[in-house]
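Residue strings, one per chain:
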Amino acid sequence: MKLDILISSLERVVFNNRRLFLGFFILMTLLMAYSVTNLRIDAGFSKLLPLEHEYMQTYVEHQKEFGGANRVLIALMTKQGDIFTPEFFETLQKATDDVFFLPGVDRAQVTSLFTPNVRFTEVVEDGIAGGNVIPADFEPTAEGLEIVRKNILKAGIVGRLVANDFSGAVISAQLLEIDPSSGEKLDFIKVADLLEEKIRDKYQSDEVSVHIIGFAKVIGDIADGAKRVILFFFVAFVITSLLVFLYTRSYLLSLIPLSCSLIAVIWQLGLLPLLGYGIDPMGLLVPFLIFAIGVSHAVQMITANTAEVRAGADRLSAAKASFRQLLIPGFIALASDTIGFVTIYLIDIRVIQEMAVTASLGVAVIIMTNLVLLPILLSYVRTGNRYQRRVDQQISLLRPFWRFFEQAAEPKPAMIILTVAVILFGFGLWKGSDVRIGDMHRGVPELRSDSRYNLDSAVVTEHFSIGVDVITVIVETKADGCVDFDIMTAIDRFTWHMNNVAGVQSVITLPGIAKVINSGWNEGSLKWRVLPRNQSTMVQAVGYVPTSSGLLNSDCSVMPVMIFTKDHKAETIAKIVSEVKNYRETTATENVKFRLATGNVGVMAATNEEVSAAQFPILLYVFSAVILLCFYEFRSVRSVLCIVIPLALVSLLAYALMSIFQIGLKVSTLPVVALGVGVGVDYGIYIFSRLRSYLIQGQSLQQAYLHTLAITGNGVVFTGVTLAIGVSTWIFSPLKFQADMGILLTFMFLVNMLGAILLLPALACFLLKEEKKR
Amino acid sequence: MKNYLSQYSFKLIIFLIFFVSCYSVSCATGDENSVIAPLATHSLLLDMKRAESALIAVGERGHILISEDNGNSWQQQQVPTRTTLTGVYFTDRLHGFAVGHDQVILRTRNGGVSWELLYEDIEAETPLLDLYFLDQQHGFAIGAYGLFLETFDAGNSWSKRFISEDDLHLNKILKIGNSLFIAAEAGLAYRSDDDGENWISLTPDYNGSFFGILPMTGERLLLYGLRGHLFRSEDAGETWEQIETVTEASLTAGLRLNDGRIVIAGMAGVLLVSDDDGQSFELQQDPERRGYSSLLQSADGAIVAVGDFGVARFSQTSLLSDK
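For the record, the sequence lines run as chains A and B. Using the working numbering, you'd call the opening residue of the first sequence number 513 and step up by one each time. Using the working numbering, you'd call the opening residue of the second sequence number 224 and step up by one each time.
Hints listed in this document are in silico derivations from the structure and should not be mistaken for laboratory results. Just so you know, not all the hints are guaranteed correct.
Here are a few chain A residues that sit away from chain B, every Cβ distance over 10 angstroms (derived from the structure) [what the hints assert, rightly or not]: (1) 719; (2) 753; (3) 1044.
Some, not all, of what chain A presents toward chain B, calculated at C-beta under 8 angstroms [to be verified]: (4) 665; (5) 1041; (6) 1125.
Quick caveat, the model's predicted, so the values are computed rather than measured. We put the CB at the ideal spot given by N, CA and C, even for glycine.
Modelling step: build the complete structure from the supplied sequences, incorporating the hints.
So this is what it looks like as structure tokens:
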């Protein structure tokens, strides 16, 4: 066969030039290690957006004018009583002053009771009168505080700057993209650190609690969490190393697979700066996956090698034999992994696409390190008699264990396994169809619902009328659209329509504000709370609304409609989005264009749609690739079925698991589902190819499977358990998406392993017997 | 997958029901009909009247709401306008009128179930603010800049005239005893003793707007308006006495309860209560700081209020706390 010729010539090339190859690997690893030093953390916001999506196009187009959504809110809450104490006002004033001097803060936009832009107006007989809420001659006395209390009420800032129950007050600041003092791009992580250091630590006391929310703070907290990802990596590495040692019972033989896998990680990380990528919190998980997959393949190689040595081969021919045996199945398995990673590229979000590229490169690297470098290294290893004895001991220890599992290939137990599989299949279909797209929990989805940020956010939403979940529909009109009665009326009607949609908490728009101002110009009478038909009256009504309100742009041709939602569950978002689409289809107004959507919920809407659109293609491509590659290798539909059916079952069960654990299908979890298929196929291919090699030798299925278990099964069970233990530590990560990935990957490693050693032989028992008879 | 399917088909059915009912009943007459909205009871409502057992409230977006159970539940009616309605008046349970911005005048002859648009003047850019009918035929609609419309044929035709040389906003009209009263802008009120033929100016000592008049017993009445100003007269407006209110919020609505107590409500959650026939008031602050536009006592004794919050109901005893 051609393939055999290719393999043996490859074998000759590799093993006749062992030194040359070793030198090449050492050189490359040094170069890549040097390249890793250039790696930087890169947590850009736009990378997380599906920029090609219709909604995000809207976002990008209007980002300049309405980009000022990067707000930080600092709430100071009294622990008892209300805010009208001299101490609280002193704290609030000092904190306000400190916020002014944070880097990147737009000083004109800082808003709190103590800033001059907070004014009250009141209707008086001859027009409107007003003043600063805290007057220039403010004294923190009982009388002074009483005046402020009255002014707060007149200013209508209760719920915005002052808690509804007067238990706290807010300082609001806008962050600029470019730090005006340095002229450089603002470092959000640094701002987040300073918020902790200069505000929270300084003003948190027995009387006052400090709560900080805003995008910069989210980024800061994610970055903090990401730092710990490295710790998790380390823990997983230590656990894996320990288990590898227990498995091989030899320092040298543990060192080889671990270093080969680490070399793969170094190459992968080194490739990042060369490709112009940084590493971001989500991408931090890739190196671990590479390491895990590397160990999995390395263990197979070690096991095969040991089996050869036990059979009496010398070290060089044992290494050659392992190389020969595993090159094709290993290559097929890794190619499947690579394709699994590549398909993630279908999700049109840059951070995911980078992950797809870097992870598939990483897996491709494993082909080099673990299928080529590892056997070369093994060919230098002399294993003594002591090692032989340890291995013999282990084998006799495990024999009853394998005898037990061997029964999976016997007709009766196989029948039971298949029945259970069918039941699980039904269960998976039933529960799996309940999987929701998007996020289902309160608060920022990247962080845990009990993280400090999300607790802070809960405090703010509880005491203030401030929504944190907003989807903004951008209304594009003509120049000076905001003084056109018909246009304003169209927006007003849309506002009311959206107000009435289930899941909408409140809607803020320019027409809504204009009506209140118009009423203000008419002695505050509710009967004048209308949009004036008269253009100069309309000018009067909108003229006082600054563009910094985010409700209009400079030529007032664009007016965002801010829809605050009760939560950001996928159903809520989908309902609101479809209402917007329905409305704009059925209600056409000249010069008025309703465009979806910005705001955090707008981003979620786009991401959800992106994930939901990519979901089936990804699985389709992954499975097609696996099926094709397996067919190429084994040339038999029945063989392919033996490998693919367990994979499909595990994928389905993963969906069921997600629905049970209330994990949504989102940017962080969809890749795991695809990867899970890749991991599972490794096990399946290794087991099946060895099983088949024994069957071809003429052994009975049961016999062949027992031998397979003792060698390949050993490695599969070991890697499944080891990787599951390592990755299960992620469940304790402060980052919600890492914890979610941890749950899913643990499940994938374990259940794929079970599928490969139980369901695969059971299927083989029925499918291959028939084939043989024929 | 099955769940998704059933969910979608369920939604589809709901949608079809809405769609079909919309097209068969409400949406048939064109774009400017009011839209039935779930949150109509939370929309801006500006006036409310009682017609026998029914309560009728009107407000923004052509909202007309009717309650048959003393304000506990409300049904929004189909109305041929989406203009903000500012006043409503029923001569009996079946016959009623509503006015609003763009000078719209609406009429019902079946207790509010259906409404016809009788009159409209969009170009004038002057709203109607209130209305009053002496009987089913003869009525008045008043509004901004001295706007005064009169009908003698149940609203089929309206004639426009001025009742004074000032073109002040005319805010409220009602009949007390045998006289008609109008609360107006710039510290003025008007009275007519001949069913609206001639009007004389009443001049309490104030230069701000008056938004409402409340009749008490006999010729006693209260006149109230901007910035907590409240005046009391014992002689049908000939002489006035200013009453201390300790609020600077505008007063917009008044109600005399069955037990003789008087409630004056206003903006920013101000509720003034008097148990001495309006000679002195005590301020009770509604913590939600709602803006009131009309108060009524329903048949079961509860107080029903409308305003910028929509509708609300208080029991008479707890008066100011929500039910």
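Now for the hints, and whether the structure bears them out:
In this structure residue 719/A is separated from chain B by more than 10 angstroms, as the shortest Cβ-Cβ distance comes to about 24 angstroms. Against the 10 angstroms criterion, residue 753/A stays outside the reach of chain B, whose nearest CB is about 44 angstroms from its own CB. Against the 10 angstroms criterion, residue 1044/A falls within the reach of chain B, whose nearest CB is about 8 angstroms from its own CB. At a threshold of 8 angstroms, the smallest CB-CB gap from residue 665/A to chain B is about 7 angstroms, leaving the interface hint in force.
Checking residue 1041/A against chain B: minimum C-beta separation of about 6 angstroms stays under 8 angstroms; hint holds. Of the supplied interface hints, the one on residue 1125/A is violated, with its beta-carbon coming no nearer than about 15 angstroms to a beta-carbon of chain B, more than 8 angstroms.
This entry does not satisfy hints 3, 6, going by the numbered hints stated previously.
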